[in-house]
Each structure stands twice: as C-alpha cells, then as structure tokens.
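J.: Keeping their order, the protein sequence lines are chains A and B.
All residue numbers for the first sequence refer to the working numbering, where the first residue is 1 and numbers rise by one.
All residue numbers for the second sequence refer to the working numbering, where the first residue is 1 and numbers rise by one.
Careful, some of the hints might be misleading.
Stated by the list, open to error - One-sided and incomplete, this derived list gives chain B residues near chain A with beta-carbon spacing under 7 angstroms:
| id | residue |
| --- | --- |
| 1 | 35 |
| 2 | 88 |
| 3 | 146 |
| 4 | 205 |
| 5 | 245 |
None of these hints come from the bench; they were simulated from the model.
The structure presented is a predicted model; accordingly, all values stated were derived computationally and were not measured.
A virtual CB, placed ideally from N, CA and C, is assigned to each residue, including glycine.
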Amino acid sequence: MIGLDSNILPVAFGTAILGAVSGGVGCYAVVRRQSLQGDAISHAALPGIALAYMLGLRSEIFLLFAAGLSGGLSLVWVQAVVRRRGATFDAALASAIVVFFGLGVVLMSRLQRTEGGAAAARLPQFLFGQEAAVLTFADLVPMLILGGLALGVVVLFWKEFLLLSFDADFAMTLHLPVRGISVLMTIVTVLAVVVGLQTVGVVLMSSLLVAPAIAARQWSSRFGHLMLYAMAFGSAAAYAGTLAAHHLGERGSAVPTGPTIVLCVTAVALLSIAFAPHRGLVPGYLRRRKAGAA
Amino acid sequence: MTIGEVELHAMLLTASVAAACAVPGVFLVLRRLAMVSDAMGHVLLFGIVVAYGVVGSLDSLWLKVGAVLSALLTVILVEQLQRTRLLREDAALGLVFPALFSAGVLISSLYFRNTHLDVDQVLLGHVEFAARWDALPMLGLLALNLLLVVGFYRTLKLTTFDPTLATMLGFAPVAVHYGLMAMASVTVVAAFDAVGPILVGAFVVLPAITARLFVDRLGPMIALAVGFAIFGAALGVRLAFSFATNTAGMAAATCGLVYLIAFLLSPKRGLIAVWLRRRRLRQAWLQALDAHG
Chain A
1 MIGLDSNILP VAFGTAILGA VSGGVGCYAV VRRQSLQGDA ISHAALPGIA LAYMLGLRSE
61 IFLLFAAGLS GGLSLVWVQA VVRRRGATFD AALASAIVVF FGLGVVLMSR LQRTEGGAAA
121 ARLPQFLFGQ EAAVLTFADL VPMLILGGLA LGVVVLFWKE FLLLSFDADF AMTLHLPVRG
181 ISVLMTIVTV LAVVVGLQTV GVVLMSSLLV APAIAARQWS SRFGHLMLYA MAFGSAAAYA
241 GTLAAHHLGE RGSAVPTGPT IVLCVTAVAL LSIAFAPHRG LVPGYLRRRK AGAA
Chain B
1 MTIGEVELHA MLLTASVAAA CAVPGVFLVL RRLAMVSDAM GHVLLFGIVV AYGVVGSLDS
61 LWLKVGAVLS ALLTVILVEQ LQRTRLLRED AALGLVFPAL FSAGVLISSL YFRNTHLDVD
121 QVLLGHVEFA ARWDALPMLG LLALNLLLVV GFYRTLKLTT FDPTLATMLG FAPVAVHYGL
181 MAMASVTVVA AFDAVGPILV GAFVVLPAIT ARLFVDRLGP MIALAVGFAI FGAALGVRLA
241 FSFATNTAGM AAATCGLVYL IAFLLSPKRG LIAVWLRRRR LRQAWLQALD AHG
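If we strip away everything but chain A, and leave its shape as in the complex, we get (with noise of 0.2 angstroms):
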C-alpha cells in the first residue's frame, strides 16, 4: 500500500484534519461572498512572522501568534476603510493584501541581510508550506490544537454564526451581539488561515478555505450539510496532496504540500461541479436532453 513505508502517514493524517478545519470554516467566506479574505489573512501573515522572527521570538507558537496578528490587522484594515468609505471592498481587500506583503517582504529582505541563510531559508516555507519530507507529525500538533479551537468556537457559536451568515438584518433585531459575534467570525477564520500555513503556506491558503466549500455547494444546500461535505473534502485533498507531494518527493524532486493539497482540492470542487447530482452540469444536461427527447 502506498505511503506505509515511512512516516508519512501520521503526517498526511495530520494535514487531512487540518484540511477538515479550513474547508468547515471555509464555508462562512463562501456564504457571506467574502471567498477572497482568506488571501488577505494568509498574506498578511508574513509581516507578523517577519517581525516576530526580528524581535527573537522564534518558537512555533510566537511565529503563529504573529501571522494570526498580522492577518487579523488587515481584515481590520478592510472593514475601517470599507465602512468609512474610503474604497469598496474588492479594493480594500487588494490594497491591504498588497501593503501587508510589500511590508513583508521588506522585513524579510531586512533579515537576510542580517541574519544571513537560516531565516532566508524559511521565506520560501512560508510562501508555499514545506516538503513533505521534512513535515513531522510533531511540528503539526500545535496547528491541531487551534484548529480544534476554531471548530470548538463554530460548534458553541453555531446558531448565531448561522444568522449572521444569511441574515444579519434579522440578528441585529434579534438584539444579537453582532459586532461581536462578526469579530469571532473573523478571529475563527485567522484561525483556520494560521494553521494552514506550514502546511500549504501564504500564497495558496485562501484555496484551501474557497474550494472544499464550493464543491459541498453543489451536493447539498442546507448549511450543515454543506460543513460536513466541505470537511470531507478538505480533509481528503489534503490526505491526498500530501501523499502525493511526498511520492514525488520520494523520486527526487522537493516538491512543497501546498501546490499538490490545492490541486487536488480544485479537482474536487471542478468534478463537483461536473458531476453532482442535482446541480452538475452533466447530470443538468443529461436531464435536459432526456426531456428535449420525450
């Protein structure tokens, strides 16, 4: 069987909850059409780990803490200058992905200078995850842990997270904290970004939220459901993607997990919307021919 021979399984089982966690939480951004956050957060990021690896706080958990920091500020950034009307918020979302970068990587270009190879080293880990031959099944637990948190908080918040969703007008009548349940939205999804990022790094996390939740989309239509499916299928491009990247790797090319989990993850939201019963395009098209005939 495949991948029993090192331990790469306990690794891919480790990416295949990760993948769980971002493609649940990945179905709020696609709901309330914020699909693109998850790019700003994950970008983001990369100024906060700058920073934290300048100021000498290089264990795991002060890098994570930093990106979650960082990727919180910008979305802050996008909601005080969409509701204060200074752009609208495709915008927003642009001008905060591109300035937090910029940023990052002047602090990064900082470091090399100063530190030399070992934190250059770590730029491209963060920009598109590691190998898949040097992920041990240690460096994920603490990824684990916040992502447990994360679906911790959606499985306590469920209901309000749910009106919020498809009916914010309602939950404000309701009297329903809705600043502060948006706010721990928001912090639930720097959450799921954080976690994913050893594994698939900056540039590609926004695909792990976005596209387990578009192929769900197209098999159910009932809000829990569509969180179960788009766990199924996060947790199983990323089992996958990760296996993959490490037989590759295995034949002597490094290849990172991140492009390998995303393709496989894109696979599954683009056959969804082929396939799935109800919505796909082929079954829509078989039934319209079929009745066309009659």
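Given the structure of chain A, go ahead and fit chain B onto it with the hints provided.
T.: Chain B only, in chain A's frame:
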C-alpha cells in the same frame, strides 16, 4: 543627500512601472475588479513555466507571451465558471488563481529545479538591478495605455458606469471588458520583472483608490492616479535605498502610506473632513432646535 546612479535608474523604472499600472488600475477599481489584478499577478508564474517548458529558453519574449495568455486564461475561466451559476464571482476567482499558481509551482519544482527560473526571484522582482534604459519600454507602455484610454474614452466611460445603457446604444461591453483585461495583463506582465507579480497589484489598486478620494470625474482621476503612482514609487525607492531593503516591497508600502494619509486628509472624503462636517451639522441641528424652542 545625493542620489546615486543605481538608485536613479531604479527610481525611474519603478515610477514608470507604477504609472503604467495606474492607468488600467483606475478602470479595474471603478468596475470592482480590483482582485483581478491580484489574481493576474499570481497566475503569471504558470504561464511563464509552461512557456519555458515549450520554448526552452529563459531570455525570451515567449515567456511574456505565455504570461499574458495565462492572465487572459484566468479571466476567461472565471467568466465561464460564473456563467454556470453554480458559484459566485469571488468564489470563482478564489478557485482559479490558486490552482494555476499551484500548477506553476509544481511544474517548476518538478522539472526546472536547477535552472535559473528561481521562484523567489520571480516572486519578488529585482528592480535594484535596473539598467539605464530599462525604464524606456515601461514609458512606452504608459504612453500606449494613455493613448488607448484617450482613443476609447467615451466607450470606456459608458461601459464602466452604465453597462446596460452601453449595450442598448450598441456598444459591446463584453468586448470592452476583454480589451481592458488584455491591457491590464500586458501591463502587469511588463511590470512584474521589475517589482514581482504580487506587488504589481500595489500600483494597480492603490493609486486609483487614492485618486478616487479626491475627485469624482474620470479624466482627473486617471491623471491623479498616475501622479500618485509616480510619487509613491519614487518615495518608496528612496526609502528602500536608505534602509537597504527590498525596493518593490517598500514601494508597495509607501503607496499604501500615501493612501492612508490621503484617506485621513482628503478635503471631501477624508476621515477628518467627514468628522468636521458631521460635527458642524450636529451643532447646526442643535442650534435650530434651540431657536424653535
């Protein structure tokens, strides 16, 4: 404080890159397609890698052609996915560009491990090595973009602000859309050598939204955006050389800083102006209440 020759060349190049990007940027921002610039930047790598695989040489115009084609491919794929009505625009964009980017990274790490197609270099740009005449092609592109905008000014204006009316009057908004996308992708591709594909977006989006804070008319908005682009880029290069750091990243950051300052101080839409206006209105209202007992 003197400016060295290397810095001057970097400044010229970055400023002309920024100015050329700002022109299509105005239309992308007004049409709410700002994220397309981000997507375009990401997929260039895919086009370059595929073109490199086909042509087999690095110093080739074909790489640029491949990059432009990959940007247009993204636009077409997003349109087609949206037309299925199974997913919305933001989701379609979020699905397509990471996938193409991944394919690019994967192909390059599988097949081109030992070539000079260095992913970091491709991602971050190298304006620091600008030569004397490097700015000329970008200035040419700026002139071309401006010429196209002036030539098709009324068409662009109408399709941007009222696509329905434009269709009824016999203009072709779809053709204009693809024309604009072609202009944007050629500009982004020409620019990414200098500043890297991700930070190109800074010059596309930031000058346009900065200009939008000051004016409501299209012509002045384009002129102002070009001005802000040149100012932000030049300031960024200056700071980058003072602090010995990455030029493109610094230029993106300074364009952001210029936007923030404008957002604070703009006489019409600035935070301070809006706050003052609100306070004046509130006081006028209270006085009116008092006067009428």
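J.: The structure should be examined with respect to each hint, and the outcome stated for every one.
T.: Hints, one by one, checked against the model:
Here the hint on residue 35 (chain B) is kept, as its CB sits about 5 angstroms from the closest CB of chain A, short of 7 angstroms. The beta carbon of residue 88 (chain B) comes within 6 angstroms of a beta carbon in chain A, closer than 7 angstroms, and the hint placing it at the interface holds. Using the Cβ-Cβ criterion of 7 angstroms, the hint placing residue 146 (chain B) at the interface with chain A is not satisfied: the shortest such distance is roughly 22 angstroms. With a least beta-carbon distance of about 4 angstroms to chain A, the hint placing residue 205 (chain B) at the interface is held under the 7 angstroms criterion.
A cut of 7 angstroms between beta carbons decides the hint on residue 245 (chain B): the least distance to chain A is about 5 angstroms, and the hint holds.
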